[in-house]
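Student: In order, the protein sequence lines correspond to chains H and S. Note that the numbering used here gives residue 52 to position 52 of the first sequence, counting from 1, and the numbers run on in steps of one. Every position in the second sequence, counted from 1, becomes a number in the numbering used here once 134 is added.
Misleading hints may appear alongside valid ones.
Short derived list, chain H residues pointing at chain S, Cβ under 8 angstroms [to be verified]:
| id | residue |
| --- | --- |
| 1 | L34 |
| 2 | A48 |
| 3 | P57 |
| 4 | L62 |
| 5 | G65 |
| 6 | L78 |
| 7 | L79 |
| 8 | L84 |
| 9 | A123 |
| 10 | R131 |
| 11 | F134 |
Hints were generated in silico from the structure; no laboratory data involved. Being a predicted model, the structure only gives us computed values, none of them experimental. Even for Gly, the Cβ is constructed at its ideal location relative to N, Cα and C.
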Amino acid sequence: MASLLGGALIGLSAVLLMGLMGLMGRIAGIAVRLLPPYLDSETRGRVAFILGLIAAPSIWFLTTGAWPQMTLDAGAPLLLIAVLLVCFSSVWGAGCASSRGVCGLSRLSARSFVAVGTFMATAFLTVFLVRHVF
Amino acid sequence: MTTLVQFALGLLFGTGPVVAGMFDPATVLNFLDLAAIPSGSWDPSLAFVLLAATALTFVGYRVVLRRPKPMLDTQFHLPHKTRIEPPVTVRPAIFGLGWGLVGLCPGPAFTALGTGRLEALLFVAPMLLGMIAARLLALPSINGAPTQA
Chain H
1 MASLLGGALI
11 GLSAVLLMGL
21 MGLMGRIAGI
31 AVRLLPPYLD
41 SETRGRVAFI
51 LGLIAAPSIW
61 FLTTGAWPQM
71 TLDAGAPLLL
81 IAVLLVCFSS
91 VWGAGCASSR
101 GVCGLSRLSA
111 RSFVAVGTFM
121 ATAFLTVFLV
131 RHVF
Chain S
135 MTTLVQFALG
145 LLFGTGPVVA
155 GMFDPATVLN
165 FLDLAAIPSG
175 SWDPSLAFVL
185 LAATALTFVG
195 YRVVLRRPKP
205 MLDTQFHLPH
215 KTRIEPPVTV
225 RPAIFGLGWG
235 LVGLCPGPAF
245 TALGTGRLEA
255 LLFVAPMLLG
265 MIAARLLALP
275 SINGAPTQA
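All chains, full assembly: derive it from the sequences and hints.
Tutor: Okay, structure coming up:
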């Protein structure tokens, strides 16, 4: 139930982002353009959007009185390797869960179906190898 | 005005994963662990999040994209590439590898940072630095591409 509600909030935000600003909810794409080099004048809006993402748990805390749970088991070396892979794929336009998964699939984009199928497959494989083989 | 709207939309976008527990890397990894299905400890919740988000966006996009332009801008900024080239599978494959390693992707990483947890900073700070580095390396090819976000 919480999953469906949370998903609906993400969807609602994606629809409003398109209806109001005409933008796709491409979080990796927004993150990539947060820092220099700046190639356009949309930086302020991007910073505001990311600040909104960061502020979300605080609103949850103010409403429920508890911080949402988070478990991050990975050690620093693994984190750095993962970050490197995510960075380069984002910059080169791989798309992320929000852009390909939510926005791309909703537009029935063939590229997004291929992308989501591909990153899901490698992610399934990675977790299998990390948890059950090594 | 539009900056404030962007902040509110980011807040709404970030609240989804918080409500669903989906910015928690453990939830993501427990979904990606298909080998847990036989033992019954598999967590399918990410599929429900994606289903609800995509279904609502599918319907919503059809409504708002019928209008001539968005309410606060002069045009819709949509990607136009439709052809499937080899890189369209190579890049997401690398993304999935990184995502599967720790269970974090850029959006939830920012939201995780908002809980004040130091580990999240260990992901977000190198992510932003890495993005600058990757972008400087990629810039010649990015310059020619549309720069919308």
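Student: A separate judgement is required for each hint: does it hold in the structure or not?
Tutor: These are the hints, each one checked on the structure:
Given the 8 angstroms rule on beta carbons, the hint for L34 of chain H holds: about 7 angstroms separates it from the nearest Cβ of chain S. About 4 angstroms separates the beta-carbon of A48 of chain H from the nearest beta-carbon of chain S, less than 8 angstroms, and the hint is met. Below 8 angstroms, beta-carbon pairs count as interface contacts, and P57 of chain H has one with chain S at about 4 angstroms; its hint therefore holds. Annotation: L62 of chain H was flagged as interfacial toward chain S, and the flag is violated, the nearest CB pair being 12 angstroms apart, outside 8 angstroms.
The interface hint given for G65 of chain H is violated, since its Cβ lies 14 angstroms from the closest Cβ of chain S, which is over the 8 angstroms cut-off. About 6 angstroms separates the beta-carbon of L78 of chain H from the nearest beta-carbon of chain S, less than 8 angstroms, and the hint is met. The beta carbon of L79 of chain H is positioned within 8 angstroms of a beta carbon in chain S (closest approach about 5 angstroms), and the interface hint is therefore held. Look at L84 of chain H: its Cβ gets to within about 6 angstroms of chain S, closer than 8 angstroms, so that hint holds up.
Because the closest C-beta pair between A123 of chain H and chain S is about 4 angstroms apart, less than 8 angstroms, the hint holds. Hint status for R131 of chain H: holds, given a least beta-carbon distance of 6 angstroms to chain S, under 8 angstroms. At a threshold of 8 angstroms, the smallest CB-CB gap from F134 of chain H to chain S is about 11 angstroms, leaving the interface hint violated.
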